[in-house]
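Line by line, the protein sequences are chains C, D, S and L. With positions in the first sequence counted from 1, the corresponding number in our numbering is that position plus 4. With positions in the second sequence counted from 1, the corresponding number in our numbering is that position plus 4. With positions in the third sequence counted from 1, the corresponding number in our numbering is that position plus 4. With positions in the fourth sequence counted from 1, the corresponding number in our numbering is that position plus 4.
Hints were generated in silico from the structure; no laboratory data involved. Please note that the accuracy of each hint is not assured.
As the list claims (entries may be wrong) - DEER-style ranges, computed between Cβ atoms:
| id | chain 1 | residue 1 | chain 2 | residue 2 | range |
| --- | --- | --- | --- | --- | --- |
| 1 | L | ILE221 | S | GLY185 | 49 to 57 Å |
| 2 | C | ALA297 | S | ASP284 | 44 to 52 Å |
| 3 | S | PRO55 | L | ALA339 | 40 to 48 Å |
| 4 | C | ASP192 | S | PHE109 | 37 to 45 Å |
| 5 | C | ASP192 | L | GLY167 | 34 to 42 Å |
| 6 | C | ARG127 | L | ILE221 | 55 to 63 Å |
| 7 | S | GLU316 | C | GLY280 | 50 to 58 Å |
Stated by the list, open to error - A few chain S residues facing chain C, derived, Cβ under 10 Å:
| id | residue |
| --- | --- |
| 8 | PRO18 |
| 9 | THR27 |
| 10 | GLN81 |
| 11 | ALA82 |
| 12 | THR96 |
| 13 | HIS132 |
| 14 | VAL133 |
For each residue, glycine too, the CB sits at the ideal point set by N, CA and C.
There are 4 protein chains.
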Amino acid sequence: MIMFTNDYSEGCHPRILEILMATNLEQAVGYENDQFCNQARELIRLACQAPDADVHFFTGGTLTNLTVIAAALRPHQAVLSTVQGHIATNETGAIEATGHRVVTFPSDDGKMKPEIVRNAFERQRSEHVTQPKMVYISQSTELGTIYTKAELEALAQVCQECGFFLYMDGARLAYALAAVGNDLTLPDIARLCDAFYIGGNKCGALTGEAVVITNPILQQDFRHIMKQNGALTAKGRLLGIQFIGLFEDDLYFKIGKKAVDQAMMIKQACLQKGYGFRVDSPTNMQFPIMPTAVIAKLREKYSFGGLTRIDENHSAVRIVTSWATKEEDTQAFCADILALTEV
Amino acid sequence: MIMFTNDYSEGCHPRILEILMATNLEQAVGYENDQFCNQARELIRLACQAPDADVHFFTGGTLTNLTVIAAALRPHQAVLSTVQGHIATNETGAIEATGHRVVTFPSDDGKMKPEIVRNAFERQRSEHVTQPKMVYISQSTELGTIYTKAELEALAQVCQECGFFLYMDGARLAYALAAVGNDLTLPDIARLCDAFYIGGNKCGALTGEAVVITNPILQQDFRHIMKQNGALTAKGRLLGIQFIGLFEDDLYFKIGKKAVDQAMMIKQACLQKGYGFRVDSPTNMQFPIMPTAVIAKLREKYSFGGLTRIDENHSAVRIVTSWATKEEDTQAFCADILALTEV
Amino acid sequence: MIMFTNDYSEGCHPRILEILMATNLEQAVGYENDQFCNQARELIRLACQAPDADVHFFTGGTLTNLTVIAAALRPHQAVLSTVQGHIATNETGAIEATGHRVVTFPSDDGKMKPEIVRNAFERQRSEHVTQPKMVYISQSTELGTIYTKAELEALAQVCQECGFFLYMDGARLAYALAAVGNDLTLPDIARLCDAFYIGGNKCGALTGEAVVITNPILQQDFRHIMKQNGALTAKGRLLGIQFIGLFEDDLYFKIGKKAVDQAMMIKQACLQKGYGFRVDSPTNMQFPIMPTAVIAKLREKYSFGGLTRIDENHSAVRIVTSWATKEEDTQAFCADILALTEV
Amino acid sequence: MIMFTNDYSEGCHPRILEILMATNLEQAVGYENDQFCNQARELIRLACQAPDADVHFFTGGTLTNLTVIAAALRPHQAVLSTVQGHIATNETGAIEATGHRVVTFPSDDGKMKPEIVRNAFERQRSEHVTQPKMVYISQSTELGTIYTKAELEALAQVCQECGFFLYMDGARLAYALAAVGNDLTLPDIARLCDAFYIGGNKCGALTGEAVVITNPILQQDFRHIMKQNGALTAKGRLLGIQFIGLFEDDLYFKIGKKAVDQAMMIKQACLQKGYGFRVDSPTNMQFPIMPTAVIAKLREKYSFGGLTRIDENHSAVRIVTSWATKEEDTQAFCADILALTEV
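Excised from the complex, chain C in its bound form:
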């Protein structure tokens, strides 16, 4: 069975293993104060052109999101998200467990819109309702779509006007940066967001996410709140090494590109068969709508998820490529898509 289920099915990029091996018995201090974390911080600040940013490392996305949000909000404040947002759909109420409401808004393409943010600000009536204070977005979104530079600028603008923090979940940032048509760079993101994280778990690391905090207000005592949430990693070296590997020689960008290239091959195969898509995605996640019989047949050899019934004979699926997807697997998958015909 070949997996197109997600982008965290394999270990890590071999380059990271090399560094782990080479440095294994070097002694280091704990809790992300080590030489590896510091080197990774410098690489990330450089890539973001953000010399004053604080960079912290986490083991996972949910832990990252809950820590950033808990650190940013006063008790009565809420975070705004689309209904598809990971904090709204897949974190078992992690944000609420820190005491805060996630206020959700429908979105066709998984992207938050400036007018929704502005409305939320203007409709704050009184002390009887939660006070919006942060906007949560994902890049790429949970539907594989991406914010353009103009879109992110517009969001940042409205957030600034409303006094809201703008926070980007970059679990799949490598694939967004490499997306077809993307015009948004890491320095743009660092400039426009108050905080964001550069995903490692889904982008080639054994484990790890790197939070970049540019807003000085959010920087204050952040390590206290990490520790309180069990997020300050004793053996931070492990996380530092991941990001040294990913940010030396532009590896992060290269592996994103490789994954997107293969997703585009699959997209092309689907288009060639005349299949529609739930959403037009330029990234490593594709949501083609296929005949049920074709899906069943493909599933004999390939695993993928996201099955959503469209009509009696069709369903949408979620196909995900990654840094580790083998080109021959993609080719075989495309060939099978092209060969299969609805019964």
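Once you've looked at the hints, dock chains D, S and L against the given chain C.
Below, chains D, S and L alone, put in the same frame as chain C:
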């Protein structure tokens, strides 16, 4: 500078790196449902002689402690600990952040006593005070001491009588199991505690702790609460592999033994010099009381911490060996201790 | 200005003041263990035909809701509500502040439907999402509608099948019990709900709500959780006296009836003018849709709220009668409604 | 049985009942925005000589404490208290339930000392421990003692230097202000504390505490956090009226004086008998040490609490007078104390 500061200064035991390398591109499902976690679970259940235990993997000790405690307690319930307990001293209020009070009791040797537990139970007066429901202990303790089998049985007995959960933080369990005079086995611990964790971070793993839950009440929906706290690791394979490495061929016990052997060499050197100790520790952490001048001299070549003033000319220090401590470093350290004389 | 804005604009029913005066210097123990609370408990248990129910007194509805919900749920569990539910719309994230998500569902009439509850149960996928455990409903609802006996039985049935608690917010229960066409009695409610509260603040008390808990699971240590949330009232006597007043001589039912009668007079006046309604309400809250000009004119003499734009020339308003509404004020209001004509 | 158990055994001062009666059917808006709350606010600001202070009303002390503390602290911050502090001993972990640790310090007389505060500030080591940010004190303390003006100035000074908020729990403030030898005025307290509350529940009100917030940082969005904690009272008029009654014609000061006068009579009787005291209290709470036999005899006619064993034949008790204590009861009590002789 040679570090005797703590037991998490290096990467991991080379055996773990080998498995990481060998399995790196095997595909696996996420969130600790993979083949590696399952294999590690079986090894741990076997080592604990606890076939019905649930085993879950975490990236760090604070995250483990807060998740187990949050899962176990109703809102008004509290956890009992010695004043030295890690949850009381070094977790930035992580337990309180989940809503629960940590009630602390003085202890000369870092160990919780049955009569303290019973008193806490009997002194529950009313709804105006928190209700004790769990006893937190560490093995080995934060002072390097260990519970004997008889002591743990007595604690388990009183906990059962009071309706309290008994939870053991095994951050340094490898060193406790290998301690001089230890008579407590993993199966004993699994039998006597409702839940405990087998520490990896300080005992040879790149990262990871393994929680063993034997009480069915605590098993219920535990993965939900892990996920909610950001503790369910997407790439669980990394954690599974650590514990495969540690529990194949009794590695966990061997590295514990090696560290304790070296701590004993250091202890002997100190005894030979006539130095006293804050506490008599049979494990990898030693707290000798040395002349200030000797400490200063040693610190030119070795790093260690825990400096606590005893009198005008003496301080206690904390010296920690680990799975990775090189025997030649220990020998050099002992030689220097023996050679140095108070000015 | 005569207020039809809400049902808590006045002090309390004169009978309650009489008891306050008569008992003022009687000494009593604190924290709701006094003779007045005990007498009120007995009256309420009798009215509910629930001799084994626990009855507790609170000062307000939000405090009641957050305490009951916090007491009932484990950390990862959520409460289900309509989008209109008070816990979703008007409590500043009070439930989330206790760590729990409020999962909301659209509803035309403000009532929760059994199929929504069943769907929520069946769609529980995994530990990545919150686990529904409680259904929150209001009687009467925030739109003034009421559950019939058959509807509440159906909800209770599905909750039992799903293992969910059914909790009713009875802030306006007096008006629901007196509603036109109501067939649901206090004993029915006590039999069908795991917990509910009998509203006093909006139904003639100076302050106070009375929680009735029939499910023994929810009874356990409830006073601890009240105290923890600041809800155990030192001078419980004040609350006990309110409910003695309300439940002696069926006062609670009489004042509900009086308020509904007057709401019906206003409803009739609106119907006579051909005005539509946002929802067909048989209780003390009416939501007529009026010409904007009429609204403006009425507001010169009467205050009321809930202005919701319907079209260019019409808005819905919320008109509320209460135990204290003077009949002459209602008559004047009706006369003005009938007299006013759209410009 | 005559109660000297506490200061909340009776209803309220008759003057308050008069105002309740006189205003009962006046209509008022809800949630403490009414004319009564506003008038009470003005009276309190005037008494405190604090025209810019925010004044909010609560139904009870625990609810007040948890709301003020939750509003003031970021997640990793802690509040400092003596071991006797009400938040440490009698609130069922209410502060921890909002996520914050209460750090306690021993105190012979129940009073916090400036050097303890300074030490706590200076010993903040790292992100591994909670960060102190607020000092909680009670006036009068739980042992009946009071801070002098010089002592409060010293505490305020050290808090300012450390960047800590100083918060005073004034549950028994009327009795502190009337204490023998007191030199601290309401304007002093308003000037020196960032926030404090003027207790009503124990000082003559049916229910109610009035928070005075002078620090603008703590004023921000405070009503949101009140509402979130269920502390914004729908029928705020009830609370406003209490404080109109208490602060018109200096009633608050007069009833404090009356209670202290009677406590002094009891103290004199004890001294005359040669009884010692646990602590020298100048307020309405006295802690005499009496022969066990005398205590048993007194308890046939009087109720009082706080029984603490001193030696085989003696215990300390807690005797409390209040605004409502009848002078003839005090005289009878004193006569009985004087008449009784140890068997």
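**Message:** So, as I understand it, the hint says ALA82 of chain S touches chain C; can you test that by seeing if any CB pair is closer than 10 Å?
**Reply:** Since the shortest Cβ distance to chain C is 6 Å, the answer is holds.
**Prompt:** Okay, PRO55 of chain S versus ALA339 of chain L on CB: inside 40 to 48 Å?
**Reply:** 46 Å, holds
**Request:** Just tell me: holds or violated, for the beta carbon distance of ILE221 of chain L and GLY185 of chain S against 49 to 57 Å?
**Result:** Given a distance of about 53 Å, which is inside 49 to 57 Å, the answer is holds.
**Interface hint compliance - HIS132 of chain S to chain C, C-beta minimum distance less than 10 Å** = 5 Å, holds
**Asked** Against chain C, with CB atoms and a cut of 10 Å, does the hint on PRO18 of chain S hold up?
**Response** With a closest approach of 30 Å, the PRO18 of chain S hint is violated.
**Item:** Evaluation of the interface hint that places THR96 of chain S against chain C, nearest CB under 10 Å
**Value:** 5 Å, holds
**Request:** Classify the hint on VAL133 of chain S as holds or violated, based on whether any CB of chain C lies nearer than 10 Å to its CB.
**Result:** 6 Å, holds
**Request:** For ASP192 of chain C and GLY167 of chain L, compare the CB-CB distance with the range 34 to 42 Å and indicate the outcome.
**Result:** 36 Å, holds
**Request:** Answer holds if the nearest beta-carbon of chain C is closer than 10 Å to that of THR27 of chain S; otherwise answer violated.
**Result:** Interface hint status for THR27 of chain S: violated (34 Å vs cutoff 10 Å).
**Asked** Holds or violated: is the Cβ of GLN81 of chain S closer than 10 Å to a Cβ in chain C?
**Response** 8 Å, holds
**Request:** Check the following: the C-beta atoms of ALA297 of chain C and ASP284 of chain S are separated by a distance inside 44 to 52 Å.
**Result:** 49 Å, holds
**Request:** May I ask you to test the hint 50 to 58 Å on the CB atoms belonging to GLU316 of chain S and GLY280 of chain C?
**Result:** 40 Å, violated
The structure fails to meet hints 6, 7, 8 and 9 from the earlier list, while all remaining hints are met.
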